[in-house]
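> Top line first, the protein sequences correspond to chains A and B.
Under this note's numbering, residues 1 to 258 are what the first sequence spells out, in order.
Under this note's numbering, residues 259 to 513 are what the second sequence spells out, in order.
No lab work stands behind these hints, which were simulated from the structure alone.
Beta carbons are placed, not taken as given, at the ideal position from N, Cα and C, and that holds for glycine.
Worth double-checking, as some hints may not be accurate.
As the list claims (entries may be wrong) - Only pairs whose alpha carbons sit at most 25 Å apart, straight line, appear in this in silico SDA-like list of lysine to any residue: (1) 253/A / 72/A; (2) 306/B / 217/A; (3) 306/B / 238/A; (4) 222/A / 294/B; (5) 306/B / 250/A; (6) 222/A / 284/B; (7) 222/A / 411/B; (8) 103/A / 292/B; (9) 103/A / 291/B; (10) 222/A / 292/B; (11) 306/B / 232/A; (12) 253/A / 103/A; (13) 217/A / 290/B.
Said to hold, decoys possible - A short, non-exhaustive set of chain B residues, derived as facing chain A with CB atoms under 7 Å: (14) 286; (15) 287; (16) 289; (17) 292; (18) 293.
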Amino acid sequence: MSGQITRRLKPEEEELLRKREELAATRVTLAERELELVDLRRQLAAFEGRYLRQVGALYAELDEWKARIAELQARMHPSVTSQADAEEAREQARQTYEDAHGKASENVDFTPSPELRALFREVAKRIHPDLSKDAADLERRTRFMAEANRAYEAGDAEALQRILDAYQDGGDAVEGEGIGAELIRIIRQISLARGRVAAIERELARLRQSEIALLKKQAEEKEQEGRDLLVELATAIREQIERATKEHERLAKEAGTR
Amino acid sequence: VSEGREVGLTVRGSDSSLTRALARPGVVARGRQDAANLPAPADPLSEKQRLAEQGDPRAQYELGDYFAECHAFDLEERFYDDAVQWYDKAAEQGYADARLKRHNMRYLVGATVGDRCSKSLALATVNLGLTGVEDLAKKSPQWRKIADQGLAEAQFMLGNMYACGAGVILDYAEAAGWFRRAAEQGHAKAQYILGHLYFYGTCVARDFGQAARWLAEAHDQGIGPVWMFFEYMHDNGLIGDEGEASSQKPRGTGK
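Can you make the complete structure from the sequences, with help from the hints?
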């Protein structure tokens, strides 16, 4: 016998094929968005770290001088108002110091290699929690995905590869599953994945409107003009610090001679 | 990523401290506010001006150059005065090049009474940093003889003498003729001056194509600045992108 016998597909089989393709496409989109989100988070964190070290620390120094000035003034002219002013200035100095020297100030620059990004995309496509088939699978995928995020942010390609290897995807087919059951499962997976894509979009939009993202945008606009926003800010604050130290010195002298 | 700060909900006694705490911006928000109020950047020129005013002789000299260039281009009186002023200041501090340029500017004095013709000629010579035209003028008969024999350098010097009235009776048409002869022999400085003449229509009919041609040739031989002429001609559509006579668009030789 020669020739291939081709069987005409039943409508539900055709539909299943279409849905499988749709699921594959959604997985690609989801992986892409997931990558975008982790990239944006990391870039903002890196910029925040740079900002806090270059500019935030100077604000802290400035506020410290302002607090000392207010405290001196309160000592020289004791009153309820001057006392409250001094307390407020001290509190501001404490908070600014906390902000500027907190954990975020340690964030370093982030430039993932194309290989690392490709690897993360692959991991996200394969093991995304929203693509899980049942509760146990979901739990496993969630764990792996969190690890993948950490590995990516740390720039650890080896770890990402290990995660990919360790996660043995059993394939989409479930044993003994009929066409109808598979169709329903795939439709649910697509819906879950789309829900997650929408959630990521919302999160991206929220992040892009955050103070640090807006500041970063301002810095990028300045960069277009060949200017460095952080350097200019630092210069402006240093001038204020200089004025504040002089003011403090003057007051201290005045307080000493009284 | 921290989202600004949880604004102070630690109420300490009075209402006013709550209000104050609420008004206390996070360190990122503060940067955003201050970034919006940063002073406009000092442009390089005003930065140079600042340095010059503080007495930096190099900045004074460069500012002199700048105004001399402005003057060379649009022949405005005030630029001439500015150039002289800064050259003088730099020269007072012993900046030798400034003294030289200031010396050359003297040739312009007679030309500052609004005579466009003499000015553009004299300016071109100043731009080139020519000196000692007066000394040379004493030997004018010899120069004329060599110029007649076809030596480009001599033709060029003769052109300068006629342009300044140094040792000869001031005669712009005569000057232009000598510059042209030298330029056609490939004398770069003469080409540069001829470019000026065509640009301003001095002693010759105004012709931007010719101006572009001679300025570009001078530029190719390292003589300048020419950028302001090309910028003007391009911006006003006076020459095509090809620069008509020149395939190059010399730019960026300016400040």
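> Given the hinted pair residue 306/B and residue 238/A, is their alpha-carbon gap at most 25 Å?
OK: residue 306/B and residue 238/A at ~23 Å, within 25 Å.
> Is it true that the CA of residue 306/B sits at most 25 Å from the CA of residue 217/A?
violated (31 Å)
> For the pair supplied as a hint, residue 306/B and residue 250/A, confirm whether the alpha-carbon distance does not exceed 25 Å.
It is violated: about 34 Å lies between the C-alpha atoms, which goes past 25 Å.
> Please work out if residue 306/B and residue 232/A have their alpha carbons no farther apart than 25 Å.
holds (19 Å)
> Take a quick look at whether residue 103/A and residue 291/B sit within 25 Å of each other, Cα to Cα.
Between residue 103/A and residue 291/B the Cα gap is close to 23 Å, so the pair holds against 25 Å.
> What's the verdict on residue 103/A and residue 292/B, does the C-alpha distance respect the 25 Å limit or exceed it?
Holds, because 23 Å separates the two Cα atoms, which is no more than 25 Å.
> Verify the proposed pairing of residue 222/A with residue 284/B, using a straight-line Cα cut of 25 Å.
This hinted pair holds, its Cα atoms lying about 22 Å apart.
> Taking 7 Å as the limit, does the beta-carbon of residue 286/B come near enough to a beta-carbon in chain A?
holds (4 Å)
> Have a go at the residue 289/B hint: is there a Cβ in chain A nearer than 7 Å to its own Cβ?
Holds, because the Cβ-Cβ distance from residue 289/B to chain A comes to roughly 6 Å (cut-off 7 Å).
> What's the verdict on residue 253/A and residue 103/A, does the C-alpha distance respect the 25 Å limit or exceed it?
violated (38 Å)
> So if I understand the rule, the pair passes when the alpha-carbon distance is 25 Å or less; does residue 253/A with residue 72/A pass?
holds (11 Å)
> Identify whether the interface hint at residue 292/B stands, where standing means a beta carbon of chain A within less than 7 Å of its own.
Holds: closest Cβ of chain A sits about 6 Å from residue 292/B, inside 7 Å.
When the structure is compared with the earlier hints, violations turn up for hints 2, 5, 7, 12 and for no others.
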